[in-house]
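Construct all of the structure, not just a fragment, from the sequences and the given hints.
Protein chains: 2
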Amino acid sequence: MKIAAIEAIPYSIPYTHPLRFASGEVTHANNVVIKVTTQDGVVGVAEAPPRPYTYGETQASIVAVVRDLFAPAIVGTTLLQREQAQQAMARTIGNPTAKAAIDMAMWDALGRTLGQSVSSLLGGFTDRMRVSHMLGFESPERMVAEAERMKDTYGISTFKVKVGRRPVDLDVAVCRALRTHFGDTIELYIDGNRGWTAAESAQALTAMADLGLTLAEELNPADDVLGRRWLVERTPMPFVADESVPTPADITREILAGSATAVSIKTARTGFTTSHRILGLVEGLGIDVVMGNQIDGQIGTNATVTFGAAFERTSRRAGELSNFLDISDDLLTEPLRITNGELIVREGPGVGVDLDDDKLAHYRIDV
Amino acid sequence: MKIAAIEAIPYSIPYTHPLRFASGEVTHANNVVIKVTTQDGVVGVAEAPPRPYTYGETQASIVAVVRDLFAPAIVGTTLLQREQAQQAMARTIGNPTAKAAIDMAMWDALGRTLGQSVSSLLGGFTDRMRVSHMLGFESPERMVAEAERMKDTYGISTFKVKVGRRPVDLDVAVCRALRTHFGDTIELYIDGNRGWTAAESAQALTAMADLGLTLAEELNPADDVLGRRWLVERTPMPFVADESVPTPADITREILAGSATAVSIKTARTGFTTSHRILGLVEGLGIDVVMGNQIDGQIGTNATVTFGAAFERTSRRAGELSNFLDISDDLLTEPLRITNGELIVREGPGVGVDLDDDKLAHYRIDV
Numbered sequence: 022m023k024i025a026a027i028e029a030i031p032y033s034i035p036y037t038h039p040l041r042f043a044s045g046e047v048t049h050a051n052n053v054v055i056k057v058t059t060q061d062g063v064v065g066v067a068e069a070p071p072r073p074y075t076y077g078e079t080q081a082s083i084v085a086v087v088r089d090l091f092a093p094a095i096v097g098t099t100l101l102q103r104e105q106a107q108q109a110m111a112r113t114i115g116n117p118t119a120k121a122a123i124d125m126a127m128w129d130a131l132g133r134t135l136g137q138s139v140s141s142l143l144g145g146f147t148d149r150m151r152v153s154h155m156l157g158f159e160s161p162e163r164m165v166a167e168a169e170r171m172k173d174t175y176g177i178s179t180f181k182v183k184v185g186r187r188p189v190d191l192d193v194a195v196c197r198a199l200r201t202h203f204g205d206t207i208e209l210y211i212d213g214n215r216g217w218t219a220a221e222s223a224q225a226l227t228a229m230a231d232l233g234l235t236l237a238e239e240l241n242p243a244d245d246v247l248g249r250r251w252l253v254e255r256t257p258m259p260f261v262a263d264e265s266v267p268t269p270a271d272i273t274r275e276i277l278a279g280s281a282t283a284v285s286i287k288t289a290r291t292g293f294t295t296s297h298r299i300l301g302l303v304e305g306l307g308i309d310v311v312m313g314n315q316i317d318g319q320i321g322t323n324a325t326v327t328f329g330a331a332f333e334r335t336s337r338r339a340g341e342l343s344n345f346l347d348i349s350d351d352l353l354t355e356p357l358r359i360t361n362g363e364l365i366v367r368e369g370p371g372v373g374v375d376l377d378d379d380k381l382a383h384y385r386i387d388v
Numbered sequence: 022m023k024i025a026a027i028e029a030i031p032y033s034i035p036y037t038h039p040l041r042f043a044s045g046e047v048t049h050a051n052n053v054v055i056k057v058t059t060q061d062g063v064v065g066v067a068e069a070p071p072r073p074y075t076y077g078e079t080q081a082s083i084v085a086v087v088r089d090l091f092a093p094a095i096v097g098t099t100l101l102q103r104e105q106a107q108q109a110m111a112r113t114i115g116n117p118t119a120k121a122a123i124d125m126a127m128w129d130a131l132g133r134t135l136g137q138s139v140s141s142l143l144g145g146f147t148d149r150m151r152v153s154h155m156l157g158f159e160s161p162e163r164m165v166a167e168a169e170r171m172k173d174t175y176g177i178s179t180f181k182v183k184v185g186r187r188p189v190d191l192d193v194a195v196c197r198a199l200r201t202h203f204g205d206t207i208e209l210y211i212d213g214n215r216g217w218t219a220a221e222s223a224q225a226l227t228a229m230a231d232l233g234l235t236l237a238e239e240l241n242p243a244d245d246v247l248g249r250r251w252l253v254e255r256t257p258m259p260f261v262a263d264e265s266v267p268t269p270a271d272i273t274r275e276i277l278a279g280s281a282t283a284v285s286i287k288t289a290r291t292g293f294t295t296s297h298r299i300l301g302l303v304e305g306l307g308i309d310v311v312m313g314n315q316i317d318g319q320i321g322t323n324a325t326v327t328f329g330a331a332f333e334r335t336s337r338r339a340g341e342l343s344n345f346l347d348i349s350d351d352l353l354t355e356p357l358r359i360t361n362g363e364l365i366v367r368e369g370p371g372v373g374v375d376l377d378d379d380k381l382a383h384y385r386i387d388v
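Chains as they are written, first to last, in the working numbering: chain A, 22 to 388; chain B, 22 to 388.
Warning: the hint list may mix true and false statements.
Note: identical chains are not told apart, hence a pair may lie in one copy or across any two.
Below, a list of computed lysine to aspartate or glutamate pairs in the EDC-like style, where the Cα atoms sit at most 20 Å apart [stated by the list, open to error]:
hint, residue 1, residue 2
1, Lys-172, Asp-205
2, Lys-23, Asp-61
3, Lys-23, Glu-368
Hints listed in this document are in silico derivations from the structure and should not be mistaken for laboratory results.
Next up, the structure:
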């Protein structure tokens, strides 16, 4: 159980096509694999996705903070001294995905050591989640075609439409085209990534009032404090806070301030341990929750379903589990498969995925 | 891992002397042992303390609800389908200690199956908690003598003084006598069990302003809604909600309403699973927490330290872990021992205590 080493290995795999949304564009999956190795030779794996425009981390900063601060503080403790590891990492401000990946790699190693699945150790509520697919900025025709392809190929019927373009009619037209084309065979919700103003958001929501949208996420910036509250009060579906609530304290602040009525849990930023605490917070506050995607690769996506399926509240809604489909390759010996619109929890032990060492060697980069 | 049987076994052990406080008096430990047995023959144990005046449960009601509702719903699932068990039990309203004991017995059986301590599986923050001892209603001289005995015999230096008598001077005199006798070598806090009015509470707090009390718990009834808020606003130390917050939703309501500024977590009523969720809630809300005692026997007290020591926030303050000292016997092969004012977490596996079958047969009763 004693942790002998923690490694951070940066890699880069191109996307098949750039992902575009209001807060940026992504062309490569430039993530960092975290490996936690015990003295018994058990290896736990997770990955950290650097999001400089969301959390301020880069590939190089993740590698550095793991090597220089987190690994020295945690090596020598055991996989079961999880709360000590949390406290050791909490001394350093920020760096959420680096912290989360170490936590998840420790959980993976723990599950492997105990011969149990992490999802079961966490809660074991169900063995699968429905998958929600994100549709990036394109013309209505292309976005309908992409949704059609996802529906036909993977059975996905829940779509998160990226919005936040100007004029708002661009995005309204997309949502209307999707609803017109698919009727009520799909669930639709929107994510603005803070691209609109409060007024534009309200205008768009009014224009889409008949489209049956189920969630509205980060339509305008949380730092437009009063505009955001005004908007949330008028939004007729749960208003999801995502990048504005990276920590439990942020959730409390934003929910109590009326700046959101639901939150996104992302294992990429809060790992399994803090995500579990956040679950307690959102259940206790009585708010809605969705399992989000930090533009994760397959390792990160598998972490999301591992956590989300473990609890009733996090498995109610479809999870955002399909971004990896746009990455041209992966690092796993057995890639993830979405079938019938669902992603199944790997049976384990641990989180149930194994790294393909040849692939990691191939895509590994220096930062 | 599959659960083969869940039993509820009522027992009665006399106290060495009656425990007296504002909400009642206890002469016997009339608790219910819960045993969860797996198909592999692993047995997990916990206990439920019936508190009719707090939660409406009796020994007979606990036995009945376990036998008639909870056991049929859970037998056949596995120890790792914890969230399914939670959901199955949640269908039945109330019955908190029956639900909590089943959850904790499942955790004990899980730890035994995996060969690991439950405290480590939960978080593994530390291996011990400082012990707070409750001083029931007596004369100042007797309460000082009792505190002296606890300090000399067990090294305990944190005392929770039961208050709520009329006139308030009775209790003020006790607290003053304790502070005068011990100086600043002890920590003192008070628990009113809703015995005073808001005005009496404020009067008492003023009279004790120089005594350095660290917590004030349930001084007046939470259902005196405005009086309670008025009092909490004026209370110069954390005001602990206990019996007014048996569920996470109650915590949110009472904290946001200004009816408390801290909460008591009792594994006796929220087990390990819901207590973990409550930890997430209180951390996210940023409020203080104390590990409380439901007048637990040794099995229940061991559960409290198992959970409390697992996390940084729940192990900060002394836990209320000594009520069992007043019970004339116990059911364990190895009784708990408080030394140097601390209770050590049993190493496990499970929660680390084993039932003495002869003793259980001796104290077992029919209800």
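- How do Lys-23 and Glu-368 come out at 20 Å by Cα distance, when the copy is not named: within, between, both, or neither? So Lys-23 and Glu-368 pass the 20 Å test across copies only (16 Å; inside, 24 Å).
- Message: If the cut is 20 Å between Cα atoms, do Lys-23 and Asp-61 qualify within a copy, between copies, both or neither?
- Response: within (8 Å within a copy, 29 Å between copies)
- Message: My question is about Lys-172 and Asp-205: at a cut-off of 20 Å on alpha-carbon distance, are they close within one copy, between copies, both, or neither?
- Response: Intra 13 Å, inter 70 Å, cutoff 20 Å: intra-copy only.
Violated hints for the displayed structure: none, as all numbered hints are satisfied.
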